[in-house]
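**Q** Starting from the known structure of chain A, arrange chain B on it as the hints suggest.
If you read the protein sequences in the order shown, they are chains A and B. Our numbering puts the first residue of the first sequence at 25, with every later residue one more than the last. Our numbering puts the first residue of the second sequence at 706, with every later residue one more than the last.
Everything labelled a hint here was simulated from the structure, so no lab data went into it. Idealized CB from N, CA, C, for every residue including glycine. There is no bait here: all hints are sound.
What the simulated footprint calls covered on chain B by chain A, stretch by stretch (three residues with Cβ under 8 Å from a Cβ of chain A suffice, anywhere in the stretch; the number is not a length):
(1) 748-760
(2) 820-828
(3) 851-860
(4) 863-876
(5) 960-968
In silico EDC-like pairs for lysine to aspartate or glutamate, Cα to Cα no more than 16 Å straight-line:
(6) A:K148 with B:D745
(7) A:K134 with B:E824
(8) B:K988 with B:D1019
(9) A:K134 with A:E65
(10) A:K134 with A:D64
What follows is each chain in one-letter form.
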Amino acid sequence: MTGLVTGWGVLSAAGESVSELLAAVRAGAVVGVDVRDRFDEPLPTAQAPAIADFDVRRLLGRKGTSFLDRATALAMVACGRALADGGLTPDDDNRHRIGVVLGTTTGSLKSTMDFSRETLVQDKPYLVNPVLFPNTVMNCASGQAAIRYGLRGVNATVAGGPLAFLYALRYALNALRRGYVDALLVGGVEEYTPNTAWAAELTGAGPAGEAAAVYLLRRPTPGLTEAPRAQVLSVATGFQPEPSVDGLAGCVRRALATAKVRPADVWAIASGDLDADSLSEVVPVAAQRWSVRPALGDCQSVTGALALGVLLGRYAEDPDARGRPALIVGRSRDGAVAAAVVRG
Amino acid sequence: MHRVVVTGLGPVSGIGIGVNEFTAGLRSGRSAAAPITSFDASGFPHHWAGEVPAFRPEALLRRLRVADWGRSALFAAAAARLAAMDAGLSLPATDPARVGAVVGTTSGESTVVEQLTAELVAGGYPTMSAEALRQAPAERLSYAVSAELGLAGESVTLTTACSASNYAIGYAYDLLCWGEADVMVAGGADSVCRWAHAGFYRLGALTEHACRPFDRDRSGILTGEGGAALVLETLEHARDRGARIYAEVLGYGVNCDAHHMVAPNEESVAACMRLAQENAGVKPEDIDYISTHGTGTPANDLCEARAIRAVFGDRVPPVSSIKSMLGHTMGAASGFGAIATTLGIRHGFLPPTINWATPDPQLSWIDPVPNTARPATVRVAQNNGLAFGGNNAITIFGAIR
Chain A
25 MTGLVTGWGV LSAAGESVSE LLAAVRAGAV VGVDVRDRFD EPLPTAQAPA
75 IADFDVRRLL GRKGTSFLDR ATALAMVACG RALADGGLTP DDDNRHRIGV
125 VLGTTTGSLK STMDFSRETL VQDKPYLVNP VLFPNTVMNC ASGQAAIRYG
175 LRGVNATVAG GPLAFLYALR YALNALRRGY VDALLVGGVE EYTPNTAWAA
225 ELTGAGPAGE AAAVYLLRRP TPGLTEAPRA QVLSVATGFQ PEPSVDGLAG
275 CVRRALATAK VRPADVWAIA SGDLDADSLS EVVPVAAQRW SVRPALGDCQ
325 SVTGALALGV LLGRYAEDPD ARGRPALIVG RSRDGAVAAA VVRG
Chain B
706 MHRVVVTGLG PVSGIGIGVN EFTAGLRSGR SAAAPITSFD ASGFPHHWAG
756 EVPAFRPEAL LRRLRVADWG RSALFAAAAA RLAAMDAGLS LPATDPARVG
806 AVVGTTSGES TVVEQLTAEL VAGGYPTMSA EALRQAPAER LSYAVSAELG
856 LAGESVTLTT ACSASNYAIG YAYDLLCWGE ADVMVAGGAD SVCRWAHAGF
906 YRLGALTEHA CRPFDRDRSG ILTGEGGAAL VLETLEHARD RGARIYAEVL
956 GYGVNCDAHH MVAPNEESVA ACMRLAQENA GVKPEDIDYI STHGTGTPAN
1006 DLCEARAIRA VFGDRVPPVS SIKSMLGHTM GAASGFGAIA TTLGIRHGFL
1056 PPTINWATPD PQLSWIDPVP NTARPATVRV AQNNGLAFGG NNAITIFGAI
1106 R
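Extracted from the complex, chain A is given alone in its bound form:
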């Protein structure tokens, strides 16, 4: 069960490339963007790791974009860039073999809560704007991306918060392995809004971040000419809520075994938060540890996708890294664990 990463579309507070993402994560300091003028509502902080200067109309045009929420628009732009970067043009011959798998946490919390709020504050509870109703469903971003690029293959949205990208990657590998599709846009998106900012603040997860990261994943087939940026070798997941069980280490071992990679050969690990000795019982202490959260905040379902972006940045800049396996790992508050093995 493997897939080839042949293109990326990455937007974050750090910029619009994996090299900028890598630079920000390497620097380690939170990327602060002034968010004071973005909303009428008060925000917990004046600065946040949010995407600067995202102009939906400039990027997607005026037609059909006025009712899009920010998360959906970000996902659509990231999907378009991943397709373009991977050199894949959907047409009538291939569009039913190309799909979208996006990770999420709650969809757009702002869209849903704004819509819900109208039922409380309007004169009549039904005086909601029906045009905005689709924004409340969690598959809005993947559905709109499919419409924009004409992608009729497998289209799924996978909830998992900090693990959502890894779940999406596993779901995608299954669809590729089963031959349901030849290519999938796989990623995650989270918008920065007062809702997410306060949610992160109040639950101690802050600061909330904002990012969209989507990768074009191709089925390894003989006719594929584009040189892959990396290969996804395996993804393992599990649910281990007992604090006494180190579920993530076991999950990593399973992922490595499936990928036929020796733990000693792991060159890097990327995640939301890692310590210098994270997973040292499985992989070498010398392996690089990359944490995206200190620089980019709590990006929830994009966390794993940003971690992959960092690894792609490293593979691109360091010829010695080429061909060496790396891990993307995650653990959720509820005890779920996931690990992916990639090789650039």
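**A** Same frame as chain A, now just chain B:
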């Protein structure tokens, strides 16, 4: 490739909780439609829904602390517990890592989000409850199932709206086929909520009291809720433990309209049926019954019926919509459809479409099994799920051979 079978059913619905009550409800054409009690619906012109007022999570759950989870997670976990009991699974499993959960949903913890909205309206963002914020993520639906049953395998929530249960069943089926798990609990859950009620009303898709799919005078959905769970396992695993087998999962198909967020697309729905049938290795003439998406809106039923005719030609099997009984249970809907289909195969009957009075001349090829369940031999059956976002997913079940 492993064969995959259904060995346990867990419906938590407005027409019955548990497989016996639910089967009796299907056979007798029971209706869940009633005035809404879970929120103040007095300001709505239409204020009926298919709720589950008899749902007492504390009476069904053994491990979860009810206060820690939102209503949809509790529906999912209770359904899973019932399905596991019905399957006679011994839990914890010998190898918990080989048992997992996949749950589909449309709106996840919608009532939790509504609570947050009420707090926000009353006191501003900083007054939102941290505990409710922790309960809001949709991933908690499958985690509730895994925690309730002590499962250590894959635990994933698929948020592909109103076909999400079929996505869940399909993904679980693939994992079992490929030998990545021995047992998977798959299904879906959603809760009736104010915002969805308002949204469907404003789309003109909400009926007043009775959902009447395929009737000439159908006028929309009733919002509904519940939890639907199926225990799926490899045939070897089921036989090794001497499990009762309801039916076999033959396959499934998913595709995307890529056309419109809300309106279904006939050509794409037909294509999804063909994908599912090809994946299941069956032909249209093999199929004895279709459990339709059948929302009861004029547009859906016309589109779906035309897609069925495009695929089945002049040999359209009987179809029915259990949404006439349950209301539209959103992410749980195709899970309930899968349970009804499985029961029809096992017990030899077709669930009815209730509230049906007048044939629609535009749907002349549709036999909706009107009002009364019908005895029938069901060897192969198709379970349709369509959704916002153009997320079509169709599962196919067969009698065990």
